[in-house]
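The listed protein sequences derive, respectively, from chains A and B.
Residues in the first sequence are numbered from 1 upward in steps of one, following the UniProt record's numbering.
Residues in the second sequence are numbered from 1 upward in steps of one, following the UniProt record's numbering.
Watch out, some of these pointers could steer you wrong.
Any copy will do: because identical chains look the same in the list, a pair fits if it lies in one copy or spans two.
[Stated by the list, open to error] The list that follows gives simulated cross-link-like pairs (lysine to aspartate or glutamate, DMTMM-like), each with its CA atoms no further than 20 Å apart:
| # | residue 1 | residue 2 |
| --- | --- | --- |
| 1 | 23 | 115 |
| 2 | 53 | 34 |
| 3 | 80 | 65 |
| 4 | 53 | 12 |
| 5 | 23 | 34 |
By construction, these hints were calculated from the structure, which means they are not laboratory data.
Protein chains: 2
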Amino acid sequence: MKFSPSLANLIDALRALPGVGPKSAQRMTLHLLERDREGALALATALETAVAKIGHCSRCRNFTELEICEICCDPRRDHKLICVLETPADVLAVEQSGSFRGLYFVLMGHLSPIDGIGPREIGLDAFQQRVLDEGISEVILATNPTVEGEATAYYLTDMLLPHGVRVSRIAHGVPLGGELEYVDGSTLAHAFSGRRLLQQEQ
Amino acid sequence: MKFSPSLANLIDALRALPGVGPKSAQRMTLHLLERDREGALALATALETAVAKIGHCSRCRNFTELEICEICCDPRRDHKLICVLETPADVLAVEQSGSFRGLYFVLMGHLSPIDGIGPREIGLDAFQQRVLDEGISEVILATNPTVEGEATAYYLTDMLLPHGVRVSRIAHGVPLGGELEYVDGSTLAHAFSGRRLLQQEQ
Chain A
1 MKFSPSLANL
11 IDALRALPGV
21 GPKSAQRMTL
31 HLLERDREGA
41 LALATALETA
51 VAKIGHCSRC
61 RNFTELEICE
71 ICCDPRRDHK
81 LICVLETPAD
91 VLAVEQSGSF
101 RGLYFVLMGH
111 LSPIDGIGPR
121 EIGLDAFQQR
131 VLDEGISEVI
141 LATNPTVEGE
151 ATAYYLTDML
161 LPHGVRVSRI
171 AHGVPLGGEL
181 EYVDGSTLAH
191 AFSGRRLLQQ
201 EQ
Chain B
1 MKFSPSLANL
11 IDALRALPGV
21 GPKSAQRMTL
31 HLLERDREGA
41 LALATALETA
51 VAKIGHCSRC
61 RNFTELEICE
71 ICCDPRRDHK
81 LICVLETPAD
91 VLAVEQSGSF
101 RGLYFVLMGH
111 LSPIDGIGPR
121 EIGLDAFQQR
131 VLDEGISEVI
141 LATNPTVEGE
151 ATAYYLTDML
161 LPHGVRVSRI
171 AHGVPLGGEL
181 EYVDGSTLAH
191 AFSGRRLLQQ
201 EQ
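Throw the hints in and build the complete structure from the sequences for me.
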């Protein structure tokens, strides 16, 4: 059986969403048409508005509707501390943890020479300039602990240290609430090599 | 952290899709904005077109862009045989199995007095008229084997039998490839009560 063209077209278009295969797309389409045509129209409008309005902050490259995002403008944050992350989702995770009150720099990816993504593509040339110009006191590297993330962190370290910038990497180890038994080997190796000496309290 | 308004709005709008919670909606939003803005725009257009164009076939109530759908118009199908189903997704499933070459009638739901869905809401008055007017030879009830589906099938039987219409119900039992060990009790009960006597081949 062939679907009518605009139905087939919608099923196809829904597959642009991550994690949506042909069966889910079909279910979503039938659901929207049967029960939520208003929701479908609202979604269409939201998509168009978001694509039209949302760009990148000219300072941190995070998503924003403004020229400079709210975080970069916030005078209550520490403007001498920059945390480097791979994606806007990472910014959200850190913000939700409430553990950081400095500024961010979002790479929108990581170094990946095979895919043609070099330092310029992730904005590192402009970033270096900014760090030097603004006298940043510390750059915290929070790229993912993957091969590409580590390579990116290594490149940044190499780029900033010669200029006397203080650079740090977030700690990797056993997650809180994680049971040692279920933690993978490389995490455990990180946990051991990154161990800290405990001191007797004074 | 607050999202920028059009980003928050898109995350919210995506939740109209079945099976999409706040976390998936956030992931979808960031994915579309980071990597597939074209796909996002195409999806917006597809949604608008589908909602604008797709209505119900005036004969079988299935989704179509035409006044009467392709199946109802198809002269190669048996126009004296009607299969009654609950949703357009059910039509798809039957069509994909290739096991039926008659016409359909899609209830777009089932009888559910609690939700105010009576015979008129699922089009049964018009259906009865059509069955009698067109001299339909057999009505096959393929509503779901749920309480509401069974009640709907029962209502249809009760409505059509007095007029001398031949009415049948699809068989329920152990699915092919299903192992008896894992089949639920009520399916097994159906399978036993619906057993057929085997005859020696002539």
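| task | Check each numbered hint from earlier against the structure, then list the numbers of those it violates in ascending order. | result | Failing hints, ascending: 1, 3.
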